[in-house]
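Chain A is already provided as a structure; the job is to place chain B on it using the hints.
Protein chains: 2
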Amino acid sequence: MVSNKTVLFDSIPNHEPVDSLKIVTQQFDLDRQLAPGEAILKVEMLSLDPYMRSRMRDPSIETYVPPFTLGEPIDNGGVVIVLKSNNAHFKVDRKYYAGFTLPFSEYALVTEASNAFYTDITDAELPNETLIGACGLPGKTAYYSYKQLVRGKAGEKIFISAASGGIGQMLCQLCKMDGLKVLAAVGSDEKVDYCEKTLGVDRAFNYKTSDTRKELAAFGCDIFYDNVGGKMLEDVLDQINVYGRVICCGQIATYNSGAEAYGIKNTFQIVAKRLSFQGFITFELIPQKPFHESKYNTIEEEFMATIPSMIKEGKLDVKNHVYNGIEATSQAFLDLLRGDKHGKTVIQL
Amino acid sequence: MVSNKTVLFDSIPNHEPVDSLKIVTQQFDLDRQLAPGEAILKVEMLSLDPYMRSRMRDPSIETYVPPFTLGEPIDNGGVVIVLKSNNAHFKVDRKYYAGFTLPFSEYALVTEASNAFYTDITDAELPNETLIGACGLPGKTAYYSYKQLVRGKAGEKIFISAASGGIGQMLCQLCKMDGLKVLAAVGSDEKVDYCEKTLGVDRAFNYKTSDTRKELAAFGCDIFYDNVGGKMLEDVLDQINVYGRVICCGQIATYNSGAEAYGIKNTFQIVAKRLSFQGFITFELIPQKPFHESKYNTIEEEFMATIPSMIKEGKLDVKNHVYNGIEATSQAFLDLLRGDKHGKTVIQL
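These protein sequences, in sequence, are chains A and B. Take any residue in the first sequence, note its place counting from 1, add 185, and you have its number in this note's numbering. Take any residue in the second sequence, note its place counting from 1, add 185, and you have its number in this note's numbering.
FYI, nobody ran anything at the bench for these hints, they're computed from the structure. Glycine included, every Cβ here is placed at the ideal spot set by N, Cα and C. Any given hint could turn out to be false.
Some chain A residues close to chain B (C-beta under 8 Å, calculated; not the full set) [to be verified]:
| hint | residue |
| --- | --- |
| 1 | R242 |
| 2 | F302 |
| 3 | C434 |
| 4 | T439 |
| 5 | T452 |
| 6 | V456 |
| 7 | A457 |
| 8 | F468 |
| 9 | P472 |
| 10 | F476 |
Below, a list of computed lysine-lysine pairs in the DSS-like style, where the Cα atoms sit at most 25 Å apart [said to hold, decoys possible]:
| hint | chain 1 | residue 1 | chain 2 | residue 2 |
| --- | --- | --- | --- | --- |
| 11 | A | K526 | A | K500 |
| 12 | B | K500 | A | K450 |
| 13 | A | K190 | A | K227 |
| 14 | B | K474 | A | K458 |
| 15 | B | K280 | A | K393 |
| 16 | B | K382 | B | K504 |
| 17 | A | K458 | B | K450 |
| 18 | A | K458 | B | K190 |
| 19 | B | K474 | B | K399 |
| 20 | A | K399 | A | K480 |
| 21 | B | K280 | B | K269 |
| 22 | B | K416 | B | K474 |
| 23 | B | K458 | A | K474 |
| 24 | B | K361 | B | K382 |
| 25 | B | K500 | B | K480 |
| 26 | A | K450 | B | K393 |
| 27 | B | K504 | B | K361 |
| 28 | B | K504 | A | K450 |
| 29 | B | K361 | B | K399 |
| 30 | A | K504 | A | K458 |
| 31 | A | K366 | A | K504 |
| 32 | A | K416 | B | K416 |
| 33 | B | K361 | B | K280 |
| 34 | A | K416 | B | K399 |
| 35 | A | K450 | B | K207 |
| 36 | A | K450 | B | K280 |
| 37 | B | K458 | A | K416 |
| 38 | B | K280 | A | K458 |
| 39 | A | K474 | A | K416 |
Isolated chain A, as found in the complex (with noise of 0.2 Å):
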């Protein structure tokens, strides 16, 4: 028996999840027999991604992802090592990517149902954050939805909410690549820096201290890469160019204020300007051809074949914050939620 820390839904939230998630030290037993499909996993880290705001809700309420269970871990992605194995897919001493499902805990035990979520990656020569961020959810949310949807020209102009974060920091160096014209809004003049010296957008600012609109007017916006949702939107359909288009992505303003929502009002402005919007989610667009020509199958394989080794190369940059030990999950949760912290969010164990 060894201990077990895991990270419980313990309360469901109407705001702010400051008391929603629990850590409990259960028992874990390392020399129990495993079933056909069984495999013992060492977590080695968790990532945090604002998605899971959504999970922590009345089960009743239907939505895109399922619930999170009150008393039953939180689960999302993550890298582990197996540590003892009866299941082919998982093999001992190596190291695997867990796109979802797995418990926010040190030790788990999985079945034959998660080998479809995991990815052998011991091999893959990448720092486990950067494999958890730029080469996982947010790196491939940013990747699929740009090349499927966003299809940006050079020339255009895009506006991209929450540009430093997992999805934005990727997004911006993909823009800047095709030569479109980058307006980067994050939360803090650190991360305004980060953007326009690091990632090369055309200009950032601080959505705190500096006024959207009138940084909008000056730049001009054909696109708009919603990460936040909220008062930025109304101020973006005031603000964006007729025709504009609007990829809705995630909206994190709005995630923690229930009925007490920002309520937009000028959704005039998509007759009066020709405006379309389209919402998405990463999962359904991984099988999906590329939209462009490309000599992959799927707009997974493309990624799978060319971001990873640019990270390698130096030539896309990648921003993580890692938090140290299990227990910083609620607090992690909370910056993250809050725009606190700069980079991609994961836990280190």
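Frame of chain A; chain B shown alone:
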């Protein structure tokens, strides 16, 4: 000289345009010498359309239609007879449909700049109100947007707001011809009857006395054709199916509300349900090639070759509300914005 009653734009409204229009009696010289390109028109009928509300604004606000000018006549579409002409486009004693730019007056002097807006309809064999309504702007709006943007398939469920209005009545019938299931929202029980019994929709309800959310939950909704905006749009976002499409034609609920417009809080559903939105304005669709297979070069050609004859043959119903006398303009426009009357609003002079 004859007297020429004219409707002037008299004040910019904040909410309902109760005092914005003023009738004045001017003098008009029927015997004037016409300069080259000039013609004198006698106005037979005028059209009132909801979009005119957005022309009653502070001219410093830019949007998709030009503002009315304070102290000048308002203008829109209508039907005229040519009394006198020094312009080859306008033939004396013939009848013309004006799509736009016809001043609200009993007599009008036009120049060559107006030629493009006037079509000879002397041989149309349809009443003026039908030429303005089902064969004019609202009918074309419904047809072009249905064919080019809705692209409905048999069995798909479409929700249409303001369904018995000028646009809605044509749209309901086009949808039923293609086998869509139609849910219609209207503002009176009489309109419910009309939609169900005459237009043949699958279900209609009075949104003032029925619960829009319950109606949508019971009927289902793949496509929302939005003429209304506001609270109804919010209701739809919560009830529309995953991958739902919203075609944004107008937002009559918001035109009078100014800064107190209803704020839509649940835009996150765009992400969660992977929705798409498309705004449009009619005149930009006119020159498009039909999206579907068609022997016509433009969607307008197709419309003109098919819809008027279907109306003559009784295959399409049209419902208009005819006011008598130019003095009725202000009240008619208020009624239109309030949804108090039934069918396309026109003024018989």
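Hint consistency between K450(A) and K207(B) [alpha-carbon to alpha-carbon, up to 25 Å]: 30 Å, violated
How about F468(A): closest beta carbon in chain B under 8 Å, or not? 11 Å, violated
For a C-alpha distance cap of 25 Å, please report whether K366(A) and K504(A) respect it. Since the Cα atoms of K366(A) and K504(A) sit roughly 21 Å apart, the hinted pair holds (cutoff 25 Å).
Hold the hint about T439(A) up to the distance rule: shortest CB distance to chain B must be less than 8 Å. Result: holds, 5 Å to nearest chain B Cβ.
A closest beta-carbon separation below 8 Å is what the hint needs, so does A457(A) meet it against chain B? 5 Å, holds
Holds or violated: K474(B) with K458(A), Cα cutoff 25 Å? Within the cut-off at roughly 21 Å; holds.
Pairwise hint evaluation, K227(A) against K190(A), where the allowed Cα distance is 25 Å at most: 12 Å, holds
Next item in the hint list is F302(A). Is there a CB on chain B closer than 8 Å to its CB? 21 Å, violated
Would the stated hint for C434(A) survive a check requiring a Cβ distance to chain B of less than 8 Å? With Cβ-Cβ at 7 Å, under 8 Å, it holds.
Given hint K399(B) paired with K474(B) - CA-CA distance at most 25 Å: 39 Å, violated
Distance restraint between K280(B) and K458(A), which requires alpha-carbon spacing of 25 Å or less: 34 Å, violated
Measure nothing beyond the straight line between the CA atoms of K416(A) and K399(B); if it is 25 Å or shorter, mark the hint as holding. With Cα atoms ~29 Å apart, K416(A) and K399(B) exceed 25 Å; violated.
Comparing the model with each numbered hint stated earlier shows that hints 1, 2, 8, 9, 10, 12, 15, 18, 19, 20, 22, 28, 30, 33, 34, 35, 36, 38, 39 do not hold.
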